[in-house]
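**Q** Chain by chain, the residues run as shown.
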Amino acid sequence: MSDRSQTRKAPGELLLSLRGISKNFGAVSALTDIDLDVHAGEVVALVGDNGAGKSTLVKVLAGVHQASSGSIEFQGKPVTMASPAAALQLGIATVFQDLALCENLDVVANIFLGQELNPLRLDEVAMEVRAWTLLNELAARIPSVREPIASLSGGQRQTVAIARSLLLNPKIIMLDEPTAALGVAQTAEVLNLVERVRDKGLGVIMISHNMEDVRAVADRIVVLRLGRNNGVFTPDASNQDLVGAITGATDNAVSRRADRLREAAGEPL
Amino acid sequence: MNPQLDRADARVTHATGLSGSVKAFMDRVKSGDLGSLPVVVGLAIIWTVFTALNPIFLSPNNLVNLLFDCSTTGVIALGIVCVLMLGEIDLSVGSMSGVGSALIGVLWVNQGVPLPVAIGTAVALGALIGAVYATLRNRLGMPSFVSTLSGLLALLGLQLYMLGATGSINLPYGSKMVEFGQLLILPAWLSYTLALIPGIVMLVVGRSTNARRRAANLSAGSSTGLFIKAVLTTIALLAIVAYLSLGRGVPWMFALFVALVLAMNYALTRTQWGRSMKAVGGNAEAARRAGINVRGIYISAFMLCSALAALGGVLSAARLASSSQQAGTGDVNLNAIAAAVIGGTSLFGGRGTAFSALLGIIVIQSIANGLTLLNLSSSLRYMITGAVLAIAVIVDSLARQSRASHGRA
Numbered sequence: 000m001s002d003r004s005q006t007r008k009a010p011g012e013l014l015l016s017l018r019g020i021s022k023n024f025g026a027v028s029a030l031t032d033i034d035l036d037v038h039a040g041e042v043v044a045l046v047g048d049n050g051a052g053k054s055t056l057v058k059v060l061a062g063v064h065q066a067s068s069g070s071i072e073f074q075g076k077p078v079t080m081a082s083p084a085a086a087l088q089l090g091i092a093t094v095f096q097d098l099a100l101c102e103n104l105d106v107v108a109n110i111f112l113g114q115e116l117n118p119l120r121l122d123e124v125a126m127e128v129r130a131w132t133l134l135n136e137l138a139a140r141i142p143s144v145r146e147p148i149a150s151l152s153g154g155q156r157q158t159v160a161i162a163r164s165l166l167l168n169p170k171i172i173m174l175d176e177p178t179a180a181l182g183v184a185q186t187a188e189v190l191n192l193v194e195r196v197r198d199k200g201l202g203v204i205m206i207s208h209n210m211e212d213v214r215a216v217a218d219r220i221v222v223l224r225l226g227r228n229n230g231v232f233t234p235d236a237s238n239q240d241l242v243g244a245i246t247g248a249t250d251n252a253v254s255r256r257a258d259r260l261r262e263a264a265g266e267p268l
Numbered sequence: 000m001n002p003q004l005d006r007a008d009a010r011v012t013h014a015t016g017l018s019g020s021v022k023a024f025m026d027r028v029k030s031g032d033l034g035s036l037p038v039v040v041g042l043a044i045i046w047t048v049f050t051a052l053n054p055i056f057l058s059p060n061n062l063v064n065l066l067f068d069c070s071t072t073g074v075i076a077l078g079i080v081c082v083l084m085l086g087e088i089d090l091s092v093g094s095m096s097g098v099g100s101a102l103i104g105v106l107w108v109n110q111g112v113p114l115p116v117a118i119g120t121a122v123a124l125g126a127l128i129g130a131v132y133a134t135l136r137n138r139l140g141m142p143s144f145v146s147t148l149s150g151l152l153a154l155l156g157l158q159l160y161m162l163g164a165t166g167s168i169n170l171p172y173g174s175k176m177v178e179f180g181q182l183l184i185l186p187a188w189l190s191y192t193l194a195l196i197p198g199i200v201m202l203v204v205g206r207s208t209n210a211r212r213r214a215a216n217l218s219a220g221s222s223t224g225l226f227i228k229a230v231l232t233t234i235a236l237l238a239i240v241a242y243l244s245l246g247r248g249v250p251w252m253f254a255l256f257v258a259l260v261l262a263m264n265y266a267l268t269r270t271q272w273g274r275s276m277k278a279v280g281g282n283a284e285a286a287r288r289a290g291i292n293v294r295g296i297y298i299s300a301f302m303l304c305s306a307l308a309a310l311g312g313v314l315s316a317a318r319l320a321s322s323s324q325q326a327g328t329g330d331v332n333l334n335a336i337a338a339a340v341i342g343g344t345s346l347f348g349g350r351g352t353a354f355s356a357l358l359g360i361i362v363i364q365s366i367a368n369g370l371t372l373l374n375l376s377s378s379l380r381y382m383i384t385g386a387v388l389a390i391a392v393i394v395d396s397l398a399r400q401s402r403a404s405h406g407r408a
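Protein chains in written order, with numbering that gives the first Met the number 0: chain A, 0 to 268; chain B, 0 to 408.
Only chain B is shown next, with the shape it has when bound in the complex:
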């Protein structure tokens, strides 16, 4: 038999069958390639503890509330993933979201501008601010740490200026916007249908990829393994939807967040742009010499980050039914950054996935939600969230050292 193109070298062992896959996974974890493992383990521990302390934590309606809360900061964290991927940081996302929230109040409520135009303006202003950060970095060599720190103050000032003397603008109850942020739930049939889609896509794409690989004389995964994976994913998603449907169901706002995560995941893993992002984060000079427009990549990442932060601010205005001076202040900034890092996006650049925003924000909001249920003050919440962030960064650092010593970047 002709050896396959990627199996011709006899020195390399390849995992075969189920036990082989498990062993390969264990080897990966041991060498420090942890992926989403720490956050999944962490989430399991947090949920177990909170459920033991207060059984209401796991009740369907509390989880639905949790998902509403996740969506606003989660969208901001998704933007943070983009800049962290390049080894950069944006410390101004909290203020940016505050400006986005204030713009909705001023433009839509006070000036009577149509809602889509107001939202578009907020997102466009975010993109503009991001372009400024990237230009400061590209042209003047200003570290993003400093430029976004000054942006944090400047944007906070802009937010206070726009809101004026009253300091807060209420969004009309009963408007679509506020309903979207507080009430709107996917119809049951739609949420079940959407839960089926990932499994089907997995199966269809996986089968066609395997067929193409075999045709090209490359090794291909087994159809059985693919089928089992797709079925398990579908069962898990259906179970989640069924459980949430015991309460109010799946919020539209969370569906929007997940759709953004999936779009970002596709862009980061399946497009040239995403490949360039990882390359610039891993070795910017090598990327430049390979002909990648490194400045363009920086601009796109900072624009996306600030635009998503502004969108997160718009969503939080809908969630709170007001644009206030408090929007985007306090822990929003650090929660968004912490979510990305806790979810497994490296602070050192070059590693990360869109899903880390989703997983990370669920961890952060679970802590906030659980402590609120226990009637604990926000002082304690800050301390515990801070400790979890520290642990996440320590895990990231240790895993990085382990990867280096095991010959994995």
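Here chain A stands alone, though its shape is the one from the complex:
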């Protein structure tokens, strides 16, 4: 891991910069004063406990929710993302945790949803070729692109959702729990893909609960806790520090268990 971090290139241009983003749902503040920077060619991992506000933040960036206050700059210019279409237009693509696929449509239709080629006379052949190209780049195992999404497994649906996000050559892609439903090989494929996307100069924001996945690909780890920033870490940070930042205490169930195991093994604390 240390080898890899040395060969890592310096991050490129600042793509996205959030300052003081807050989001309230009635009396509940889901996000408070969030700051976040994403550079080109960098993977930023967003981690935090359930309810820390990760998905809300992603939805704000995707234009699904609008921030209650705060500013968003994209490539140095202040922007507002009033709708998902506006976010896509800027070059921010999102793979949502619930994937947001239409189960009654086939794979090609889902990949091209809202972006169909030749709107007045759909170019099914060109769309099918492009769909296969995207899926093959992901080394996907999709039996047929003409079956409705309802007939695909969870992992296959995840792959379709990721393929769809890459369709428009975005500048930033956001992945909400991309590996949660995947098998071992597919997880490795998705992580490979994340690196490939990063090496192409895109910014990647990845939410994950899996620390192993996060350490494997992230350049920076941003911790959220109860809707606030709670520290930025490098992948080399110790597990204890990370878990401490996530749970808000150095004395917590995870570190106590680690200590107990180490004690049992006769190692010094």
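Quick caveat, the hints were computed from the structure, so don't treat them as lab data.
For glycine and all other residues, C-beta sits at the position ideal for the given N, C-alpha and C.
Don't take each hint at face value.
What the hints assert, rightly or not - Computed footprint of chain B on chain A, listed as stretches where at least three residues anywhere in the stretch have a Cβ under 8 Å from a Cβ of chain B:
| no. | stretch |
| --- | --- |
| 1 | 73-87 |
| 2 | 101-107 |
| 3 | 114-126 |
Claimed, not checked - Chain B stretches covered by chain A per the calculated footprint, using a threshold of three residues with CB under 8 Å from any CB of chain A:
| no. | stretch |
| --- | --- |
| 4 | 207-214 |
| 5 | 248-255 |
| 6 | 263-274 |
Once you have looked at the hints, place chain B on chain A.
**A** Just chain B now, kept in the frame of chain A:
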């Protein structure tokens, strides 16, 4: 040999040849993907029963009459397909068609406005009312069930208000409008030519698609299969035209209806708008996140539905040669909705074709026509149509459950 782009995965079996196609069709039906099968089977049963009871039912001239009657409510049902596709409903299409019919009488007959302007006004008013329903839904979250139910009453009131004390306005006999609704028939040469076109289009488009797919290294259907399909379609259409020509022939009004069905079918299956309609009906939130203008889709669907309902009212005024208080009341509303559902458009949204309006309305009108020939009262007709609608919805529900358990949406 290079594996084709869509045949690289060895785990998937692909149907080949005629037996393969038949087997794939059977598998689809078993998993609940019924398509037009129930309505075709239902139609065969209904026609057999009525012909057995009264042979006049299948006589060419009775079928020509049937087609005249289908066209008015069929156009309304075509609009219903649009809103059902989104999982919404428009209960006011009957009243809307009544308003359309009344407008023709008031504007054209009483005020002397030119006919095209009167028709245009009726259709435009329909589009406006549809936009109101969609706006109530988009901005105020009013369920279409309620907004169109209140629209039903309001529009009925508008119709009665416009027709005034007399309650009915007769359209002049001998005018083009009434002839169109009652008499005008396609010339034989034109109807035969039109019957040839679908087969030719099938062949030409199919061949060019297959060539493009092969060039793009995708699997393509066989030319023989395509040819057989085109020939069978052509023979079937020619046979229908020949049989109707034994009587009066193919009505212009029915040709207009079929042209609208074909245009709607193209829009729903081959354009971005149609894809968005299915997406919104299947999963509105996913469609919104994909950047589709969901509100715009709702507006377009409700506008189309009400505009087509108004057009259906105009056609029914021509058919009956009058604008009366009865236009659009009674069973028009439910017949139009029932036709779309019986034809195979799902009440649950996301599934449906323009052809379901055509097939469904033929079923509904066959029942009405057959029972009239048997001298049975309309009380019985309502009960039987109601039962057929119930059966259609049950088939839709069961097929939906079966699709869910077989992994098809």
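**Q** Broken hints, numbered, in rising order?
**A** 5
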